[in-house]
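Please take these sequences and the hints and turn them into a complete structure.
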Amino acid sequence: MPQLPLDLPQGTLDLLILRILALGPQHGWAISERIHQVSSRVLEVRQGSLYPALHRLERAGWIKARWGASENNRRAKYYELTKSGRKQLAADQSEWKRLTAAVAQILAMS
Amino acid sequence: MLLEGTMFSDLLFRLRALLHRKTVETELDDELRFHFDQQMEKLAQSGITPEEARRRARLIFGGDDQIKEECRQARGLHLLETGVQDLRYAARMLYRNPGFTLVAVFTLALGIGINVAFFTAYKAFILRPLDARDPGQMVDLGMVLHTGDSRAFFSYPDYEAYRDRLRSFSGLIAAGGDNLVLADAGGNILDRSSTDGSLSGLLGFSISSNKERAATTFVSENYFSVLGVAPVRGRLFGNASELAASPQVLISENYLERRFGGDPALLGRAIRLNGVAFTIIGITPRDFGGTGFDVPDFWIPFGLAPLVESDSLYLTHRDQYSCRLFGRLAPGTRMDQAQAEMNVLAGHLRTLHDPQSDWSKPSTAFLWPGSPLPLPINRLSGRFRYAVLLIMGAVGTVLIIACANVASLQLARAMSRKNELSMRLSLGASRRRLVRQLLTESALLGMLAGLVALAFSWILTKGLAYMAAQAIPAQYGTLIVHVTPDLGILAYVFAVSLAAGILFGLVPAFESSRSALPSALKANVGTSPVRSRRLHDIFIAAQVAVALALLIAAGMLLHSSIHALEVDRGYNTKNIIVLQVPNDPKYTPGRKAAVVSEFRARLASLPGVAAITSGEVPFQAGRRAAVGLNGEVPSPQSKRALIDYSYVEPNYFEVLGIPLLFGRDFHAQAGLNETAVIVSESAAQQLWPGQNPIGRSLRLGTDGLFHGKGELTPDGPLYQVIGVTGDTHGASFDDSDAKHVYLRLPEDRLQDHTILIRTQSDAKQIMPEVFPLISSLDPDLEVNAVTLEDIVHVTASVFLPSFAATIASPVGLIGLLLAAMGIYGTVSYIVVLRTREVGVRMALGAQKRSILGLMLRQSMRPVLAGLFAGILLATGASYLLRGALHGLHTVDPVSFGGVSLMFIAVSLLAAYVPSRRAMRVDPVVALRYE
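Here the protein sequences line up with chains W and Y, keeping their order.
Note that my numbering has the first sequence beginning at 1, numbered continuously upward.
Note that my numbering has the second sequence beginning at 111, numbered continuously upward.
None of these hints come from the bench; they were simulated from the model.
Keep in mind it's a predicted model, so treat the numbers as computed, not measured.
Don't take every hint at face value.
Among chain Y residues calculated to face chain W with C-beta under 8 Å, some are [to be verified]: (1) T133; (2) E135; (3) E137; (4) D139; (5) Q148; (6) L169; (7) G172; (8) Y431; (9) Y586.
Even for Gly, the Cβ is constructed at its ideal location relative to N, Cα and C.
Next up, the structure:
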């Protein structure tokens, strides 16, 4: 029996969105699909969290939105990383690495 | 977590969200629909039916509206959007209660309007910049002397040194003023005595003369170019040689219009100023006052001043301080750098001054931002700042009364809105939201009032400025007050009305959100809760107290000025004309003596003239001397008794009605000793307490005290007292000028002294006949005339309290009006709220009269408490004002009693009208109302 998808820990969603968008502009659907696939179907993002997060990031000025055509030629809202978003991603990434390393260290105690 | 730096872009983002709400909403719809469709497609690819795919997608997707709401919140739409909702709701509430809105807006507008009017006046006088291009670059120059006194007037030689040697200024200008005799002007002749009880009389412009005068400003030749102003027509002054060849003058457009009806032919014509012919070469722009508060009639270059001034050393004397200096800072120079440079030069110039002068001692230069005021605000006299503070306090108080008033109205209304508020609470509105809603309403009310107040104060200040400009006769220039509302004033109004809105909205908002608990829905609303009624009472008491204190103060000031007018001064003020013949350089002393003697002879034969004497106006002697008794010579060190002295003709006492108490007067016998003196009663008591002063001797010394050049001084002889007269009371509040020594005026010095005429009938009717008499004698001789009564009117003891009362009484009356409105409004609401209670009482057999008594008793209680507090306040205020009050006890019974009674009457009336409605309550209707 396949394992159930995990819920994301608080605050990590922003980091994942920024990381996905670092590869290039994407619309909301693609972002959620990408997170799902890349995480080997472990992580699943609900729309109820994804869209408020996108709007929050846009307000913060880390990503910006524009309308474009999707793969199947439909109007879709594409998000892309801004300069300050790139900086934010770098900062968040290193912070995340420090956090996980520290947590791993503690868990590795014998 | 937003960074500080992104605050602005965040605001823009939210603003866009608000302004393009529709677009943002559709975009949100589209975005979510796209996601949903993709999800459905993906499910369909796994091989299920389209219906099943749609159902599952819907399941996964969850609540559409909830996501949207969360997105809106994430975009920050929420706070702004509810703010708009609040505003819309508030506007609807105000619109639906036009009576309340009108009263509240009117009340607040009065309070705010008065504040704005005074702020405008403050700005127009105190914060006024120079009338120049880029006034921000202009500075005033001043010196602080070693005595600590600040001076803003420099001598012309010092000006030239500063102008030529200071590098911090791109231009340095000088300005000074004088009132010159105008002749050959043609056109209409000004009305000489239009001052009967008018505003110009009140302002002290009641001296008339047989010559037409014109206000003239002397300016340095570079004045207009440094200020950056061009003439509207004609040209500016030529160079020095051109000026020397033909004297030039500029005329102001204001004077051109007031005096010559705007006649354009005047340009290029010649007029005579102090007898010298000048050519009018240009017209300066309307209302251009340059470095002064007023627009002068003429502008004359400083270089030509010696032509029109009697003092030939006007431009060359380093200790004749005649001009104020203003500079335009050179680009990139700061004020402190310029000040440092000026300070160094001032140190050099010091050595050139007369060693006796204060200017030869170490002093410090200082600069302040360009202003017509002769000193920066922080160096103006304490009394002046005190007055400004007092007025600001009074108008601020009126605003507080207005706020208290509207607050109690709001509170009353909140009680009737309790159902609405508790409905909103029980439907899930948070208390914070409710308070915000009520505050929004108050703020909106405040802003509306601000708008009305702006219009109101604009009309008020425009009218006052126009009246002030018209009150000053043309020969004194035109006072210019810029009262046009500008950004600063708008910002001030905005701030005041917002603050007022929040001030009066805060208490009722918290109060009503507290009491509007859901339980209130089913609670009995027929009786008024005790708690908020106490708040009402406090509001009313506070209003009454403050307005009462203001009005009592005004009443005392008014009473004091009347008292000062009617007080027995020890001499006659009625039917006396005071004539002064100024020193004219073209007269030799002998010639002047002959002319004055002839003038007196002709005056004596004028019908209606009872007697003529020479001497001084009792309180204008202005000369003091040290006194030495028992033969000792008074020295500057022993100034233990400084006493006023004046020279008078023998009949002086009869003409002015000053009684002789003991001894003889000067003309008892011919050939009386020159060293005889007469002293006033107070002087005798001070010099020889408890003894007979007749026959005593004294010496007088004026060394080191003020006296004019070539003036008769009493130093030297040993004087003998031959008589004692009654005291005369003049200008001072403490009677320090009642001590007086009279010396006999020698026959050959008559021409230097004031001529006093007693007339048989009204002095004002005789006065116009004096001028032709002079003209027939010598057309060039100038004589100033004024009645003694007019002089008394503008002395400090009369003028100050009456002027202060003119400001305080309307402010206090508006306070009373507002308080009465507040009482009326509150009592009306209480009556409505207690309808049921009254109905029950009446059903149980209460008489209509006892119901009325109940309502009145309850509404008068806070009024009486307020009266008590107000009387305490007023006692404090009168203690502060005691220096300005003439001959009144600290607690003036007339003002205190009269004003308090008026308050009781007004508040009884304000409470009675709505209380009568309670009497008419029909018990059946009231009870069925439930």
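A quick look at each hint next to the structure:
1. The criterion of a C-beta within 8 Å of any C-beta in chain W is not met by T133 (chain Y), whose closest approach is roughly 11 Å, and the hint is violated.
2. Because the closest C-beta pair between E135 (chain Y) and chain W is about 13 Å apart, greater than 8 Å, the hint is violated.
3. Because the smallest distance between the Cβ of E137 (chain Y) and any Cβ of chain W comes to about 7 Å, under 8 Å, the interface hint for this residue holds.
4. This hint is violated: D139 (chain Y) has a C-beta 11 Å from the nearest C-beta of chain W, more than the 8 Å allowed.
5. A hinted interface residue such as Q148 (chain Y) counts as satisfied when its beta carbon comes closer than 8 Å to some beta carbon of chain W; here the least separation is about 4 Å, so the hint holds.
6. The interface hint given for L169 (chain Y) is broken, as the beta carbon of that residue sits about 12 Å from the closest beta carbon of chain W, more than 8 Å.
7. The interface hint given for G172 (chain Y) is met, as the beta carbon of that residue sits about 5 Å from the closest beta carbon of chain W, less than 8 Å.
8. Because the smallest distance between the Cβ of Y431 (chain Y) and any Cβ of chain W comes to about 64 Å, over 8 Å, the interface hint for this residue is violated.
9. For Y586 (chain Y), the suggested interface contact is broken, since its CB lies about 64 Å from the closest CB of chain W, more than 8 Å.
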